[in-house]
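When we follow this note's numbering, the leftmost residue of the sequence shown carries the number 50, and every step to the right adds one.
These are computed hints drawn from the structure, not numbers from a lab.
Treat the hints with caution; some may be incorrect.
Straight-line C-alpha distance at most 30 Å; calculated BS3-like pairs for lysine-lysine [claimed, not checked]: (1) Lys280 with Lys293; (2) Lys197 with Lys110; (3) Lys316 with Lys247; (4) Lys81 with Lys293; (5) Lys150 with Lys175; (6) Lys95 with Lys116; (7) Lys254 with Lys286; (8) Lys197 with Lys181; (9) Lys293 with Lys316; (10) Lys140 with Lys271.
Each pair of labels, with its calculated beta carbon distance range [to be verified]: (11) His147 with Lys95: 17 to 27 Å; (12) Lys197 with Asp96: 34 to 44 Å; (13) Glu153 with Gln290: 32 to 42 Å; (14) Asp180 with Ala94: 35 to 45 Å; (15) Asp180 with Lys95: 41 to 51 Å.
Note that the coordinates shown come from a computational prediction; the quantities given were computed from them, not determined experimentally.
Every residue, glycine too, gets a C-beta built ideally from N, C-alpha and C.
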Amino acid sequence: MKRRDFLVRSGILSAGAMLLPSFKTPSIEQQKFGVQLYSFRDAMAKDALGTLKQIAAIGIKEIESAKSAKGHYYGLSPKDMKKACEDLGMKLVSGHVHLDKNFERTMDEAAEAGQEYLICSSMPSKGQTVDKYKAVAEKFNNAGEACKSLGIHFGYHNHEYEFESDQGKVLYDVLMDHTEPDLVHMELDLGWVVIAGKDPLHYFKKYPGRFPLWHLKDMDMKKKESTEFGKGVLDIKTMMQNQKASGVKHILIEQEEYASTPLESMKHNMAYLKRL
Numbered sequence: 050m051k052r053r054d055f056l057v058r059s060g061i062l063s064a065g066a067m068l069l070p071s072f073k074t075p076s077i078e079q080q081k082f083g084v085q086l087y088s089f090r091d092a093m094a095k096d097a098l099g100t101l102k103q104i105a106a107i108g109i110k111e112i113e114s115a116k117s118a119k120g121h122y123y124g125l126s127p128k129d130m131k132k133a134c135e136d137l138g139m140k141l142v143s144g145h146v147h148l149d150k151n152f153e154r155t156m157d158e159a160a161e162a163g164q165e166y167l168i169c170s171s172m173p174s175k176g177q178t179v180d181k182y183k184a185v186a187e188k189f190n191n192a193g194e195a196c197k198s199l200g201i202h203f204g205y206h207n208h209e210y211e212f213e214s215d216q217g218k219v220l221y222d223v224l225m226d227h228t229e230p231d232l233v234h235m236e237l238d239l240g241w242v243v244i245a246g247k248d249p250l251h252y253f254k255k256y257p258g259r260f261p262l263w264h265l266k267d268m269d270m271k272k273k274e275s276t277e278f279g280k281g282v283l284d285i286k287t288m289m290q291n292q293k294a295s296g297v298k299h300i301l302i303e304q305e306e307y308a309s310t311p312l313e314s315m316k317h318n319m320a321y322l323k324r325l
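Produce the complete structure using the sequences and hints provided.
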């Protein structure tokens, strides 16, 4: 799929990004926090509906699914997953997927589930070089075009390795500079950014409005793994005060390691946010 000249478009789109409409950051009480279901991966595999009920009971309002051994919806059909969330007062806003040979089917399922976003959860090719990331950016732009035709927003979720450098350039920045903002919507994992030694605020400033989704994740720097809010290094209060600059619309909590159980950790995290 050929694109128009990148340099021309990037200049136009960058100018447009600076003109994003302003909005007042809602209070903590007003916000609808979500969760990435990988946080509950084992429980979802055993009892998807029962686990969703527990998640809804602690005040979670938005859901992001993740690929599992039972598919993208934990053994449920896309429509059944959508209905289960709606019945519990939640919304399935996004899903983590792979950009692979089955992507067309993945898009169709996402459209059936009523998702707003389809997020590629890891790099679709290997190689930590500028050229590799430019090639991936082209794939992402094309995937974004395909998703857009179905009324879905395509995006990418970072880890730590994208912040490595090649030829004096941070590879994540290469990805940002060569993807089109109207086609590739970034989900910034704040935890992995700080583990990589970078500052999320730097990216909010450099690429304003480019991050409609966050993974809000506190990190233990010694163990290089996630932890309950307030126990790690992420300045969550400052992040919440800078939502406008990032353009975030959906804040999704993710925690992969726990002091006790995923549910208890998520209760802690929700209580922490209410205290801010």
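Comparing the hints with the structure gives:
no., hint, in the structure
1, Lys280 with Lys293, "holds (25 Å)"
2, Lys197 with Lys110, "holds (25 Å)"
3, Lys316 with Lys247, "holds (28 Å)"
4, Lys81 with Lys293, "holds (16 Å)"
5, Lys150 with Lys175, "holds (16 Å)"
6, Lys95 with Lys116, "holds (15 Å)"
7, Lys254 with Lys286, "holds (17 Å)"
8, Lys197 with Lys181, "holds (24 Å)"
9, Lys293 with Lys316, "holds (26 Å)"
10, Lys140 with Lys271, "violated (35 Å)"
11, His147 with Lys95: 17 to 27 Å, "holds (23 Å)"
12, Lys197 with Asp96: 34 to 44 Å, "holds (35 Å)"
13, Glu153 with Gln290: 32 to 42 Å, "holds (41 Å)"
14, Asp180 with Ala94: 35 to 45 Å, "holds (38 Å)"
15, Asp180 with Lys95: 41 to 51 Å, "holds (44 Å)"
Hint check: a violation occurs at hint 10 only; the rest are consistent with the structure.
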